[in-house]
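Sequences listed follow chains Y and C, in order. Under my numbering, read the first sequence as residues 5 to 118, first letter to last. Under my numbering, read the second sequence as residues 19 to 132, first letter to last.
Quick caveat, the hints were computed from the structure, so don't treat them as lab data. A hint or two may mislead.
Derived pair list, reagent style SDA-like, types lysine to any residue, alpha-carbon separation capped at 20 Å [unchecked claim]: (1) C:Lys124 <-> Y:Gly62; (2) Y:Lys61 <-> C:Leu109; (3) Y:Lys61 <-> C:Glu73; (4) C:Lys124 <-> Y:Asn63; (5) C:Lys87 <-> C:Thr121; (6) Y:Lys61 <-> C:Thr110; (7) C:Lys70 <-> C:Glu84; (8) C:Lys124 <-> Y:Leu92; (9) C:Lys21 <-> Y:Leu92; (10) C:Lys70 <-> C:Asp85; (11) C:Lys21 <-> Y:Gln45; (12) Y:Lys61 <-> C:Asp118; (13) C:Lys21 <-> Y:Asp44; (14) C:Lys70 <-> C:Met111; (15) C:Lys124 <-> Y:Gln41; (16) Y:Lys61 <-> C:Gly123.
Now for the letters of each chain:
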Amino acid sequence: DSGVTQTPKHLITATGQRVTLRCSPRSGDLSVYWYQQSLDQGLQFLIQYYNGEERAKGNILERFSAQQFPDLHSELNLSSLELGDSALYFCASSAPGRQRDTQYFGPGTRLTVL
Amino acid sequence: DAKTTQPPSMDCAEGRAANLPCNHSTISGNEYVYWYRQIHSQGPQYIIHGLKNNETNEMASLIITEDRKSSTLILPHATLRDTAVYYCIRLTMYSGGGADGLTFGKGTHLIIQP
Numbered sequence: 005d006s007g008v009t010q011t012p013k014h015l016i017t018a019t020g021q022r023v024t025l026r027c028s029p030r031s032g033d034l035s036v037y038w039y040q041q042s043l044d045q046g047l048q049f050l051i052q053y054y055n056g057e058e059r060a061k062g063n064i065l066e067r068f069s070a071q072q073f074p075d076l077h078s079e080l081n082l083s084s085l086e087l088g089d090s091a092l093y094f095c096a097s098s099a100p101g102r103q104r105d106t107q108y109f110g111p112g113t114r115l116t117v118l
Numbered sequence: 019d020a021k022t023t024q025p026p027s028m029d030c031a032e033g034r035a036a037n038l039p040c041n042h043s044t045i046s047g048n049e050y051v052y053w054y055r056q057i058h059s060q061g062p063q064y065i066i067h068g069l070k071n072n073e074t075n076e077m078a079s080l081i082i083t084e085d086r087k088s089s090t091l092i093l094p095h096a097t098l099r100d101t102a103v104y105y106c107i108r109l110t111m112y113s114g115g116g117a118d119g120l121t122f123g124k125g126t127h128l129i130i131q132p
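All chains, please: the whole structure from these sequences, using the hints.
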């Protein structure tokens with residue numbers, strides 16, 4: 005158990021819909037990272053937040069957005085969903101200076117778009 | 019571009035040492051070598067990381083060549099539960115602390131044989 009929690013574990017929805025994935029980082033961690041893992045693209049970094057502020061962007065689509073709240077939990081919002089958005093979505097957290105910013109991953113949310 | 023090269027798959031007998039190689043010939047001086055593994059569809063699990071020196075923890079040992087162009091992850095006594103995809107990742111640390119998202123390649127699928 006990494007200490008990072010993600011909800012829900014599974015999500016099934018239809019094309020065109022919008023969903024929100026939630027992540028609670030480990031206690032004391034200020035950074036949250038979001039990753040997408042699909043069969044054809046592998047594990048890809050989407051976006052990073054640090055203490056409420058966006059810090060880095062990876063291969064995140066414009067239809068996707070994220071935020072980090074004052075209590076440090078984060079949400080990833082996916083809108084206008086397409087079949088290709090079906091994937092595992094992982095959240096990771098890290099703390100500056102703690103084990104050199106090692107990222108610890110949550111169990112993931114499996115999104116299925118029908 | 020994962021910027022590391024790993025064999026796609028390896029077998030190892032249970033109880034023996036598993037040695038997983040990684041080539042990172044273009045690594046920069048401020049880039050660390052991180053190893054993660056992913057068991058089936060679980061969240062990636064941190065194993066170990068290093069910069070120049072060899073490192074050991076309760077899970078594994080990391081041997082980095084003197085020129086830093088390659089490294090080897092060693093699982094000293096492999097068990098069936100070590101069957102997973104192992105990822106070797108280069109990671110740049112910010113001078114003020116913190117790091118970017120991880121860039122995952124295809125990794126090595128390690129299969130431990132009974």
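To see whether the hints hold, each was checked on the structure:
For the proposed pair Lys124 of chain C and Gly62 of chain Y, the alpha carbon gap of about 18 Å is at most 20 Å, so the pair holds. Taken as a hint, the Lys61 of chain Y and Leu109 of chain C pair is honoured in the structure, with Cα atoms around 15 Å apart against an allowance of 20 Å. Straight-line distance between C-alpha atoms of Lys61 of chain Y and Glu73 of chain C comes to about 31 Å, which puts the hinted pair past the 20 Å bound. Taking the CA atoms of Lys124 of chain C and Asn63 of chain Y, the gap is about 17 Å. The hint holds against a cut of 20 Å.
The straight-line distance between the Cα atoms of Lys87 of chain C and Thr121 of chain C is roughly 18 Å, inside the 20 Å bound, and the hint therefore holds. Distance hint between Lys61 of chain Y and Thr110 of chain C is fulfilled; the C-alpha atoms sit about 15 Å from each other, no more than 20 Å. A C-alpha spacing of about 7 Å is found between Lys70 of chain C and Glu84 of chain C, which places the hinted pair at or below 20 Å, so the restraint holds. Between the alpha carbons of Lys124 of chain C and Leu92 of chain Y the distance comes to roughly 16 Å, so the proposed pair stays at or under 20 Å and holds.
Between the alpha carbons of Lys21 of chain C and Leu92 of chain Y the distance comes to roughly 23 Å, so the proposed pair goes past 20 Å and is violated. A hinted pair counts as satisfied when its Cα atoms are at most 20 Å apart, and Lys70 of chain C with Asp85 of chain C qualifies at roughly 9 Å. Proposed proximity of Lys21 of chain C and Gln45 of chain Y is supported: the alpha carbons are some 16 Å apart, at most 20 Å. Note on Lys61 of chain Y and Asp118 of chain C: the hinted pairing holds, with a Cα-Cα distance of about 9 Å set against a maximum of 20 Å.
Taking the CA atoms of Lys21 of chain C and Asp44 of chain Y, the gap is about 19 Å. The hint holds against a cut of 20 Å. Between the alpha carbons of Lys70 of chain C and Met111 of chain C the distance comes to roughly 14 Å, so the proposed pair stays at or under 20 Å and holds. At roughly 12 Å between alpha-carbon atoms, Lys124 of chain C and Gln41 of chain Y fall within 20 Å of each other, so this suggested pair holds. Restraint check for Lys61 of chain Y and Gly123 of chain C: the C-alpha separation of about 18 Å stays at or below 20 Å, so the hint holds.
In summary, the structure is inconsistent with hints 3, 9 from the numbered list given earlier, while agreeing with the others.
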